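Add 1174 to the 1-based position in the sequence shown for the working numbering, that's all there is to it.
Derived by calculation from the structure, the hints in this document are not laboratory data.
The structure displayed is predicted, hence computed values, not measured ones.
Hints may contain errors.
[Said to hold, decoys possible] Using C-beta positions, here's what the derived DEER-type ranges look like:
| hint | residue 1 | residue 2 | range |
| --- | --- | --- | --- |
| 1 | Glu1237 | Ile1211 | 19 to 29 Å |
| 2 | Glu1237 | Asp1189 | 15 to 25 Å |
| 3 | Asp1189 | Glu1238 | 35 to 45 Å |
Note that the Cβ used here is the ideal one computed from N, Cα and C, for glycine as well.
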Amino acid sequence: MVKLTKAKTFQAYLDSCHRRYSCVHCRAHLANHDDLISKSFQGSQGRAYLFNSVVNVGCGPAEERLLLTGLHAVADIYCENCHTTLGWKYCHPIRPRFILQHDSESKNTARGIKHCVQL
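Using the sequences and the hints, build the whole thing.
Next comes the structure, spelled out in structure tokens:
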């Protein structure tokens, strides 16, 4: 009998910045503070942040969704470690951008690791 096991995914570790954003559930690194573009986005669960790039996330299927700024082609993004939905990705912009929703229940830590929760 053969046992099938799930292979562990290698995670990117962000050490080039003193402030990072991570998954609130498993603490996997998601983005450096230097990649933060804007904090003035609004998601279905509250405040959301716009990033230039993120790591350790998977992407769901693209779909058209009516957002506050109109109809956009977006795909949900999730933590590759714990599979928690984190936000969404714009699919057809000139430069790809990522939205991570802010978790209002999480506490700030000395290392700046906070934020990011489900859509």
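Here is what the structure says about each hint:
Taking the beta carbon of each, Glu1237 and Ile1211 are about 23 Å apart, inside 19 to 29 Å as hinted. At about 35 Å, the CB distance of Glu1237 to Asp1189 disagrees with the hint of 15 to 25 Å. Restraint check, Asp1189 to Glu1238: a C-beta distance of roughly 38 Å satisfies the suggested window 35 to 45 Å.
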